[in-house]
Amino acid sequence: MLMAQPLDDTANPAHHQQVIETLAKENHAPIERVRELYETAHARLHAQARVKTFVSVIATRLVRNALHAERNSAA
0 MLMAQPLDDT
10 ANPAHHQQVI
20 ETLAKENHAP
30 IERVRELYET
40 AHARLHAQAR
50 VKTFVSVIAT
60 RLVRNALHAE
70 RNSAA
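Each residue of the sequence shown is one higher than the one before, starting from 0 at the first, in numbering that gives the first Met the number 0.
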């Protein structure tokens, strides 16, 4: 598993925090779990992307899907 790296310095940290909080609330998930998933996805995508514009959008989608899968496997 890829270790989470700090988010890129050019990004808006307040935006990332807002995304994490929103995902946690929407999915009734612990904020630390959402933060872990988001930072890991964001770091992996950012490292691989040549165009960085939509990294946070794609990371958000990946986290939402992961949380949905976790919720379904627990049911």
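FYI, nobody ran anything at the bench for these hints, they're computed from the structure. Even glycine gets a Cβ: it sits at the ideal position worked out from N, Cα and C. Hints should not be assumed to be uniformly reliable.
Unchecked claim - Okay, derived cross-link-like pairs now, DMTMM-like style, lysine to aspartate or glutamate, Cα gap no bigger than 25 Å in a straight line:
1) K51 - E38
2) K24 - E69
3) K24 - E38
4) K51 - E35
5) K24 - E35
6) K51 - E20
What the hints assert, rightly or not - Distance ranges between label pairs, derived from CB positions:
7) H27 - R49: 33 to 43 Å
8) V50 - H27: 32 to 42 Å
9) A13 - A46: 20 to 30 Å
10) T21 - A68: 28 to 38 Å
11) Q47 - A74: 27 to 37 Å
12) K51 - Q17: 14 to 24 Å
13) A73 - T52: 18 to 28 Å
14) Q17 - R70: 29 to 39 Å
15) N11 - N71: 23 to 33 Å
16) N71 - R49: 12 to 22 Å
**Message:** For a quick check of understanding: which of the numbered hints are violated here, in increasing order?
**Reply:** 10, 13, 14 and 16
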